[in-house]
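J.: Those protein sequence lines, which keep their order, are chains A and B. Start counting the first sequence at 1; every next residue gets the next number (my numbering). Start counting the second sequence at 1001; every next residue gets the next number (my numbering).
One thing to keep in mind: the hints can contain errors.
As the list claims (entries may be wrong) - Below, simulated DSS-like cross-link-like pairs (lysine-lysine); rule was C-alpha separation at most 30 Å, straight line:
no.: 1; chain 1: A; residue 1: K201; chain 2: B; residue 2: K1065
no.: 2; chain 1: B; residue 1: K1053; chain 2: A; residue 2: K213
no.: 3; chain 1: B; residue 1: K1026; chain 2: A; residue 2: K201
no.: 4; chain 1: A; residue 1: K135; chain 2: B; residue 2: K1053
Just so you know, these hints were derived from the structure itself, not from any lab. None of these values were measured; they are calculated from a predicted model.
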Amino acid sequence: MKILIIGGGMGGTILGNNLARRLSSEIKAGKVNLTMLSASDKHFYQPGLLYLAVGQMMPDELYRDQASLLEPGIEFHVDPVTEFHLDDNEVKTGSGRRYKYDVLVVATGSRPNMEEVPGLADNAEMFYTEEGALKMLKRLREFEGGRVVVTVGVPHKCPMAPLEITFMMHDFFKERGILDEVELYYTYPIGRIHSLENVAKWATPEFDQLGIKYETFFNMKEVDGERRILRSEEGSEVHYDLLVTIPAHKGMEVVEQQGLGKDGWVPIDRLRLNMEGRDNVFAIGDTTNLPISKAGSTAHFEAEALGENIASMVKIGQSVRDYDGKVFCFIEAGKDRATYAMFDYQNPPDPKPPTRAMHWFKVAYNKLYWASARGLL
Amino acid sequence: MAEKTVIDARGSFCPGPLMELIARLKSGQVGDEFEVLSSDKGSATDIPEWVEKAGHEMVATREDKGVWHITVRKTR
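Let the sequences and hints guide you as you build the complete structure.
T.: Set out below in structure tokens:
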């Protein structure tokens, strides 16, 4: 049996290692071939970008050689897919090779889409790329005061990021001694300051206490860089001196261009994770159209469920469990306090007051992540 | 030609039914209809509230066995 994983991010890597261990005897016996194709020879710890933007991590802490993270049973190639031929159980890659499969898993992730809003790319800072995070750090270091507006597109990667970057900028300016000169102005697309009701209930009084202003029902329409004005679809406008965005995201271009899903999101079954109309094609992580958080933990928990099921399909011919919608998100509430939200399809989160201990747990996780990617944590 | 899309946001606490609707509306065409399925009763109030602010059109709202079916038409 040929199992082919497209993508070497968090979901693809955890799934590959999970399968390599569960199917080690089948791989050794030549009954199973497990192959991973990625666009890069590096593995990128994307959650670290938030810390890079405020000077708490350095770029070299965010990368490892992808091959060093993979179990020996995985055949790994840096050879991005350019064509999907699902009816023929085959993909074609940039090198011109064709890979046949019996089971295909698409885990290609997502990308920020700054072009969607006129004026946004030229006038806003964002931390979803290394280059963007470093540029934002420079702006934050040089900022002398005024109104900092945070604006949020949908859908976006990491649902906690809007709150986290706001809290972290608050403490960043406080440490620089210019907080009195700064007005933090947070905008959010729906009628409260976070999509999770309980998170919004926790964060609203925190904002009030810290003097962070907010406007809800605010969806970006356009940015007038000359006059430094951000306008919303709902008809309001706000002046900024520094504009920070959590941009809307899209799935990867190849997924969109090859017609696997609108805007690059692959439509899948929420429990089995198989692509609609296909029993042997699956998607995990940001790549899916599931109405759940685009977050590393989502990819992690989906990969574990799918790993169990693909392995059991090989061993006993059937899947053994459903993905339950589990997501776990740390929430940084400043430079030294954090809380978390854990939820699934049935149970909403109930975040507790932030603590220093939870912040240090997150800082430790930033180091432990590499063990998590190997499937050891 | 206008289309009708079903957005199954049952069990979606984050980003939630309204955020899902906003994301889908952006890439739709004027005249398209979107039926949101939500297990959160709050959707029956927060979706119409946003639809009015954003200038789109409510088509229908009904509840069936704990699931709210809220249909919205993109108007601009």
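J.: If a hint holds in the structure, say so; if it does not, say that too.
T.: Verification of the supplied hints:
no.: 1; hint: A/K201 to B/K1065; verdict: holds, 28 Å
no.: 2; hint: B/K1053 to A/K213; verdict: holds, 20 Å
no.: 3; hint: B/K1026 to A/K201; verdict: holds, 28 Å
no.: 4; hint: A/K135 to B/K1053; verdict: violated, 35 Å
In summary, the structure is inconsistent with hint 4 from the numbered list given earlier, while agreeing with all the others.
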